[in-house]
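Colleague: The chain contents come next:
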Amino acid sequence: MAGRQSGTRGQSRVRASVLVAWLLLAACAGALLWDLVRLPDMYAFPRPTRAIEIGDAAEDIGRARAVNAVVGDAVQRETEYVGGQIDVLLVPEDLASLLDVDADVFAGREQATLDRRLMRPFIGVMPKVGDYDPVLTREQVAEFRAPDGEHVVHRYPLGVYTVAHDRPSDSASVYTDPTHSEVWIIFEPSPPESAP
Amino acid sequence: MSDSPAAVASLGAAYTLTTLGLGWVVLFPLRQRLGIVGYHLASYPTGLLAWPVVACVSSLVGQPFGVETVFFGVLPYLFFGLLFARSLAPVSKSGGESVWPRESRAVASYVIWGVGICGIAAVVQGTGATAVGYDSVFHYAAWGSWLDLTGKIGAEIAGAYGALIPSAIAASRVFGVGWLASPWPILALHVVAIVGVGVREATRGLARVWRIAIPAITVALMVASAPFLAHSIYLHSHMISAAYLALALMALRHAFVPIQPPFAEDAVFAWCFVAGVATAGLALARPDGLAYALVPLAVAVVARLHGPRPARTLTAFLVPLLAFLGLFYGTAFLETRGWGGDKLTAKTAAAVIVALAIVGIAGAFLDRIPHAGPWLASRRHALLAATVLNAVALIGLFLVRTEELRATTTIMFGNLTEHGGYGSLWVVAAAMIVLSVAWARVWRPDTWSLLLLFAIGQFFAVAVVVHGLGHPGRLSPADSFARVAFHVVPLVFWYGGSIAAGLTRAWHESRDAEEGR
Chain A
1 MAGRQSGTRG QSRVRASVLV AWLLLAACAG ALLWDLVRLP DMYAFPRPTR
51 AIEIGDAAED IGRARAVNAV VGDAVQRETE YVGGQIDVLL VPEDLASLLD
101 VDADVFAGRE QATLDRRLMR PFIGVMPKVG DYDPVLTREQ VAEFRAPDGE
151 HVVHRYPLGV YTVAHDRPSD SASVYTDPTH SEVWIIFEPS PPESAP
Chain B
197 MSDSPAAVAS LGAAYTLTTL GLGWVVLFPL RQRLGIVGYH LASYPTGLLA
247 WPVVACVSSL VGQPFGVETV FFGVLPYLFF GLLFARSLAP VSKSGGESVW
297 PRESRAVASY VIWGVGICGI AAVVQGTGAT AVGYDSVFHY AAWGSWLDLT
347 GKIGAEIAGA YGALIPSAIA ASRVFGVGWL ASPWPILALH VVAIVGVGVR
397 EATRGLARVW RIAIPAITVA LMVASAPFLA HSIYLHSHMI SAAYLALALM
447 ALRHAFVPIQ PPFAEDAVFA WCFVAGVATA GLALARPDGL AYALVPLAVA
497 VVARLHGPRP ARTLTAFLVP LLAFLGLFYG TAFLETRGWG GDKLTAKTAA
547 AVIVALAIVG IAGAFLDRIP HAGPWLASRR HALLAATVLN AVALIGLFLV
597 RTEELRATTT IMFGNLTEHG GYGSLWVVAA AMIVLSVAWA RVWRPDTWSL
647 LLLFAIGQFF AVAVVVHGLG HPGRLSPADS FARVAFHVVP LVFWYGGSIA
697 AGLTRAWHES RDAEEGR
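Residue numbers (our numbering), protein chains in the order written: chain A, 1 to 196; chain B, 197 to 713.
Keep in mind that a hint or two might mislead.
To be verified - To give an idea of the chain A side of the interface with chain B (calculated C-beta under 8 angstroms), a few residues:
id: 1; residue: W22
id: 2; residue: L23
id: 3; residue: R50
id: 4; residue: G55
Bear in mind the hints are in silico, worked out from the structure with no lab data behind them.
Glycine included, each C-beta is placed from N, C-alpha and C at the ideal position.
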């Protein structure tokens, strides 16, 4: 009889412990539910939005980043293998405009500017960036083409070209045909030095 | 390409169905061992891992993403995936009974799961429901575009963002999806299902009302928490990492701690394969995912010893894990000739992969060490030894790098309790864990509950090392650790549900004992 009573007391203690543990667990659940009430205050993660337009912006940023990286790769290879000074980088017109994307109002939240930093580790300074304008026909180019022949043109992915020259010049003009399959560089003659 | 919501929804559904289908195909030989729930839950995450393989093929052949590269990238994924999965599923004479249902029910399961997952994708893509931050746009989406346009992995993807998300985005662009938003809510659904099923298994033997109420309440509380809601649509690595970690743990539970013993030996290999694939997903979702791969790996080593299961079961875990990691980081190394950076360099990646391989291989032979081996394999000694080993390693690290680790842990604590956007979640979790240990005699945790607790502890141990040796962080919801802590939240709720089940069982057993039943 005494043993049975002792067993009953033991079981009662177990149930009391379980009950207290359950109450504490319920309190934990209650604290989590209370968070729901405070949700607007504590919810510091990005707010839900719609992907429309973000997709386009990301597309532009992605293409800009791709162009930046391809250009960086091109410059690295040129300086490694050609050894010459890069005069001009050519980027398709639609992508050239992406090389500097000002994104400080992007989605109303972020502040960042896509610059050409991906290129800097390779060359330290920015090369001149040109685009395909003006696009001339072969015949038109032929009229302007100077008998120079000392430039080196290499084509890279995404329609990026590098133009290296052993006589760096700021006065180079760049032309291509409508299919962008060829590139011509016209070096303007340097103005004669005037006598002191 | 039309931009109408219906067209966008269709493209999203087509991409999702392809991803899911790839997972279905690779896991098909294992379906009889995984069962209907396990097979479908593992398929979509497994299919997502096809896209890093496509990225590797794309990089190796020097071509941008396109229909051809996707096709030829998917082929080796399917070939080697099927080859290995088939080798694990000989349906041996001693392999036990199939748990795959009869044909009509199986076909219905494909239809229901496929329509459900693709339906979510269509709704999410069609409505454009998403949440974005700086990383979403300027890194993940941008590097996805870069991978698509150039076919190059590059130092940024390999060293700073991981293979999984950029390659998944690049592949989605081949399908014409503009802004990929569907994997996040789909994987959130997977997390809900994994935790729900896991807690329901913990309620085994209880009355029906408890078997419904405890998993339902646990999952409802998890879904209602602010970080879970946010990461369900936030284009970042966190819901993806959380889903792969939860899937890996679910697979290890079925492999090594059988719910209904005796267990078919073939099933152990099948589940180990799923655990290895899920751990690869965890490792490739973020650069520090490589370090967190130690969490499922440590649980696998400890749980195998507890089994005990044959050493070769760990092979089924390690092969897919190391194959994915070796393929991706090997390809990245070939392409970049080694990369640097301030997150994951080529040398660090190689060192961590080798370390994971050593832990896995050594873990397979621990029980053969004279004297210590049998001790480790008996009772819960392996769990105790692993916990002590973690504690010693952390104390040693604190002694060597006192200042860095003090700063890091202070910031980690501040983010978990006040600044990280978690509300009272981690305070509640800590209180729950402390009480569960103090009152272990009342609710009598089973081995799996202890392994869950070990996994949570191992996660934080890795986090202290990763952040202590790197950047200490900042007090903000945007801090890296503040976000990474979300990965283990599903395991915390799983553990909480197991406590509730244990308490309910203790209550009923006590009442029955008193009534003399």
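Colleague: Hints first: check each against the structure and report whether it holds.
Modeller: Right, here's what the structure says about each hint:
1. A hinted interface residue such as W22(A) counts as satisfied when its beta carbon comes closer than 8 angstroms to some beta carbon of chain B; here the least separation is about 6 angstroms, so the hint holds.
2. Annotation: interface hint on L23(A) violated; nearest CB of chain B at approximately 10 angstroms, more than 8 angstroms.
3. Here the hint on R50(A) is kept, as its CB sits about 4 angstroms from the closest CB of chain B, short of 8 angstroms.
4. Here the hint on G55(A) is kept, as its CB sits about 3 angstroms from the closest CB of chain B, short of 8 angstroms.
In the structure shown, a violation is registered for the earlier hint numbered 2 alone.
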